[in-house]
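Residue numbers (our numbering), protein chains in the order written: chain C, 1 to 356; chain H, 357 to 601.
None of these hints come from the bench; they were simulated from the model.
It should be emphasised that the depicted structure is a prediction, and the values quoted were computed from it without experimental measurement.
Just so you know, not all the hints are guaranteed correct.
[Claimed, not checked] In silico PhoX-like pairs for lysine-lysine, Cα to Cα no more than 25 angstroms straight-line:
hint	chain 1	residue 1	chain 2	residue 2
1	H	Lys465	H	Lys440
2	C	Lys350	H	Lys577
3	H	Lys577	C	Lys188
4	H	Lys482	H	Lys469
5	H	Lys415	H	Lys432
6	H	Lys358	H	Lys568
7	C	Lys150	C	Lys55
8	C	Lys351	H	Lys440
9	H	Lys432	C	Lys351
10	H	Lys440	C	Lys186
11	C	Lys188	H	Lys440
12	H	Lys470	H	Lys482
13	H	Lys358	C	Lys210
14	C	Lys351	H	Lys426
15	H	Lys440	H	Lys510
16	H	Lys358	H	Lys440
17	C	Lys351	H	Lys358
18	H	Lys510	C	Lys350
19	C	Lys350	H	Lys425
20	C	Lys210	H	Lys415
21	C	Lys51	C	Lys158
[Stated by the list, open to error] Example chain H residues on the side facing chain C (calculated, C-beta under 10 angstroms, incomplete):
hint	residue
22	Lys432
23	Phe456
24	Asn468
Glycine residues also receive a C-beta, built at the ideal position from the N, C-alpha and C atoms.
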Amino acid sequence: MFHIVRDPLTLTIMIILPILLLLILGFAISTEIRNTPFVVFDQSRSAASSKFIAKMDGNAYFTLVNALSSESDLETAFHRGECKLALILPADFGDNVPYREAVDIQLVVDASDPNEGSTLVSYVQLIAAQYQKELIGRASAPDLIQIETKMLYNPQMKGMYQIVPGMIGLIMMLICAYMTSISIAKEKELGTMEILLVSPLRPALIILAKAVPYLFISLTDVALSLLVAYFILGIPIAGNIALIVLLSLVYTLSALALGLLISTVAETQQEAMVLSGIGLMLPSMLLSNLIFPVESMPIPLQAFSYIVPARWYIDGLRDIMIKGLGFKAIVLDFFILLSMCFLLFFVSIKKFKNRL
Amino acid sequence: MKVIEVHNLTKTFGSFTAVDHVSFEVAEGEIFGFLGANGAGKTTVIRMLCGLLAPTSGKGSVVGYDVSKKAEDVKKNIGYMSQKFSLYEDLSPVENMELFGGIYGMNRKQINKKTEEIIKDLGLTKERRSLVGSLPLGIRQKVAFAVSTFHSPKVVFLDEPTAGVDPMSRRIFWEMIYRASDRGTTFFVTTHYMDEAEYCNRISIMVDGSIKVLDTPERLKNNFGAGTMDEVFQILAGKSKNQVQ
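Construct the complete structure from the given sequences, taking the supplied hints into account.
Below, the structure written as structure tokens:
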């Protein structure tokens, strides 16, 4: 029965993985939203409005990132991905509120994730009620601050808008990395890699030759996923298709490179499966904003999420597909993926050479 | 003409010396048996000669190319077959040949011509379009041999090519080697079967990283006063430091 200690991989997976999963899922992952960046356009510039803004900012849920001076800046702030929420306080805020007269404030919310959007609205409602209580000692209706909400990008609040681009990212990672790593590990297991290595082919060429068919199949997959999303699930594709293809291309390449990297380490198909299963699927699912907001996770996990390709792809894909934004919005995502791609290919070719 | 020339070839891994100042020469068309117990360093020598592993010191040249400096040229001129019969199991024998012909830079016409020649020569007409995975071991071994010699290499390295194969298929296999050797191909063979060792023109026996003896099977048997190669091998391998007494 102690024979299992001779198999450190299995043992590690069985002992460490549950603990790790429990910690990540229990500790870090919550649907609670913290530190949401917001901007404000304060038309009244009064003591009362400043106090309200300070109350928002002082809250753990929100962080003020910019005070706008005109309504037109609003659009830019959203397009740059600077904020998820904008607060527009009317000019009569300072005149009315201290005298217990109701005002209408406007709330613009990024609702590409509808759950997050409605949670944010309810947080603002709560803060408004507290503000009212402090001011007049009564939190109940009639409300002093009437909140008018505008849900951006996803006015019908469909959950699929959020999930579908995320799922495409996850599925692509699964197909590309998983399959590539297994295919090379298979050649090692069967010995065909050995005769490729004694042949005059250069290692880089062997690696690229393995990657090319998978790249074509993966891109076909992206196209199929988008067709299913559009025609069957009814998700509008708001942005530029060419841009989606471009972003998917670099993402697919980086996923392929990750698969290749895994296959340079793994000697058997089974090892490749375990490594890509745990090493890629979990981070891609948990740390990519697919389901759980990364912003509310502990700092170390947030830091780790920066090296997860799916995080950048899903972010960019949502920007183009759902929000209809242009290249400017995904510039960061694109170049991070591109550099990951180069780095991963470089490292896997290097590692592959060293194994000879 | 010497096809393989090795002089004081040495490979160390950390403090472990896997191959210790090995020197030998192999002539064109020769069948050279490279024997030794498991762990004696045979595979390390083969890997160095195939340009897969850089020697720590010493010199080795194959078909006139230095193995540490001209690995690319070495690789172009050699064939290699291991005990795994490394073939693509989801390709047919013909497709495997086409693939490797292409890898070695042969053109369509050369490939087709050679394929027909080999299929006829080895009697693979019936199996030419079946998937390798569905073929019996003996046939697979033939196909692997065909693939390793497909690009007409000057030297072919056979690393335990008959491990796990029945005696009948082994005989047929050695007949293939002889025929190719008559046409001038040089063979560098490792094996654990001592009857096969007798088929070789010359034999070296490696013990603990160095070559203990190198001669024709006849003379080795005479020198050791042994009736078979098996006895010679037992005497030498028994002297290994790693041998469990």
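Original post:
Broken hints, numbered, in rising order?
Top reply: 1, 2, 3, 13, 16, 17, 18, 20, 21, 24
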